[in-house]
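If you read the sequences in order, they're chains S and V. Here the numbering used here is used: the first residue of the first sequence is 1, the next is one more, and so on. Here the numbering used here is used: the first residue of the second sequence is 1, the next is one more, and so on.
Simulated from the structure, these hints should not be mistaken for laboratory data. One should not assume that every hint holds.
Partial chain S-side listing against chain V, Cβ under 10 Å, derived [unchecked claim]:
#1 11
#2 22
#3 43
#4 84
#5 89
#6 104
Just a sample of chain V residues kept apart from chain S, beta carbon distances all over 10 Å, derived [to be verified]:
#7 7
#8 13
#9 21
#10 98
#11 113
None of these values were measured; they are calculated from a predicted model. Glycine is no exception: its CB is placed at the ideal position from the N, C-alpha and C atoms.
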Amino acid sequence: GENVEQHPSTLSVQEGDSAVIKCTYSDSASNYFPWYKQELGKRPQLIIDIRSNVGEKKDQRIAVTLNKTAKHFSLHITETQPEDSAVYFCAAPSTQGGSEKLVFGKGTKLTVNP
Amino acid sequence: DAMVIQNPRYQVTQFGKPVTLSCSQTLNHNVMYWYQQKSSQAPKLLFHYYDKDFNNEADTPDNFQSRRPNTSFCFLDIRSPGLGDAAMYLCATSRGGSKRTQYFGPGTRLLVL
Chain S
1 GENVEQHPST LSVQEGDSAV IKCTYSDSAS NYFPWYKQEL GKRPQLIIDI RSNVGEKKDQ
61 RIAVTLNKTA KHFSLHITET QPEDSAVYFC AAPSTQGGSE KLVFGKGTKL TVNP
Chain V
1 DAMVIQNPRY QVTQFGKPVT LSCSQTLNHN VMYWYQQKSS QAPKLLFHYY DKDFNNEADT
61 PDNFQSRRPN TSFCFLDIRS PGLGDAAMYL CATSRGGSKR TQYFGPGTRL LVL
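Bound conformation, chain V alone (with noise of 0.2 Å):
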């Protein structure tokens, strides 16, 4: 099945650790994108991928970076964590253009300690 595949699915790092959280597709989607989720709120965009452009939202901090080596690929990389970067991680796909559908990952549960 065609799909949106995140990995891991539950990640525990330090204080200040890098942290590198994963997102592959299957579904030969042009658009990726990243977005936080904390409890009781809808998810927060922090960048996208229209194929190899990148989006980044005006409040992302720079903490936060994106790499997309491939269409199927797509990188979360948290260089600092901090107590308060502890969230879900989501990933989502779209076609782009005029199909803006997106489709979910099952997202990666980040504790900072």
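Looking at chain S on its own, in the form it has when it is part of the complex (with noise of 0.2 Å):
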């Protein structure tokens, strides 16, 4: 089945800088790919996703890559503020059972710093 491996658990940056998270699956048939984001006691709440079909995805501060090839894709975050210190988490679909499941990533949990 699917296998999503999430890097690096925890991430501590400065207000400004960049953050970026990275996520490997193992299913090359894989085309769906969101991100959540999770602040403490609060809901999982997806904040970009991507699908196979294309490259990158842009909305304001956050993006997302897609390297089909390598079987990776990642989380950009630009110009940080400390609101969006959270857990992050990838997922991408499940390969066992229905394609309406997915598998997450095991979290990393982001620090902006004032």
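Starting from two chains that each stand alone, build the complex the way the hints lay out.
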């Protein structure tokens, strides 16, 4: 089945710097890659996603890049702000059972220092 | 606003005392999921319904059961909660098929005494 590895597990940056989180996946047939942000005590919220027919997608300060050949995708946050501090999870479709399931990475705790 | 609602937000139960958590959605999505999330970990899928079809994860303990009486509602029953079942329980929905985006409810935090 699909396996998703996420790195780093923790990331600390200064306000205004960029942050990059990387995920690798194992199934070359996977074609949908969402990123979720989870603030302490709150629900995971979708912040951006990418489908395999594009290599990059951008939404204001957030971008996701996808390298299908290498089977990895990355989240890029520019001009980080303290409110970006949260745990970020990447995910890919499960190849076991129905494709409506997602396999999540273990998460990256991002801390943006003022 | 269309949304995923979970009740209660906090639930305290006693060791071994059955508890039911509820989830409702106004998105009219076909798929409803139940996840367990412990501190500093990723959400762990317990099971999901695609319409009326129930799909259990292989490692979900028998202590956990689920019901989906209609499109809008889904329940998580924990028959005999143990201390290790204390966690955040997240409900999520998606349209299904190629529409895999999952939308999460606010979660129910379960405390077992």
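We went through each hint and held it up to the structure:
At a threshold of 10 Å, the smallest CB-CB gap from residue 11(S) to chain V is about 14 Å, leaving the interface hint violated. Given hint, residue 22(S) at the interface with chain V, is violated; its Cβ is 16 Å from that chain's nearest Cβ, farther than 10 Å. Taking 10 Å as the C-beta cut-off, the interface hint given for residue 43(S) holds, the closest approach to chain V being about 4 Å. Contact between residue 84(S) and chain V, as hinted, is not supported at the beta carbon level, the nearest pair being about 18 Å apart and thus beyond 10 Å.
For residue 89(S), the interface hint holds, since its Cβ comes within 10 Å of a Cβ in chain V; the closest pair sits about 6 Å apart. Because the closest C-beta pair between residue 104(S) and chain V is about 4 Å apart, less than 10 Å, the hint holds. Taking the minimum C-beta to C-beta distance to chain S, about 14 Å, the non-interface status of residue 7(V) holds against the 10 Å cut. Here residue 13(V) stays apart from chain S, with its beta-carbon at least about 20 Å from theirs, past the 10 Å limit.
For residue 21(V), the non-interface assignment is confirmed: its Cβ lies about 14 Å from the closest Cβ of chain S, beyond the 10 Å cut-off. With a minimum CB-CB distance of about 8 Å to chain S, residue 98(V) fails to clear the 10 Å threshold, and the non-interface call is violated. Once the 10 Å rule is applied to beta carbons, residue 113(V) is consistent with being away from chain S; the minimum gap is 20 Å.
When held up to the earlier numbered hints, the structure conflicts with 1, 2, 4 and 10 and fits the remainder.
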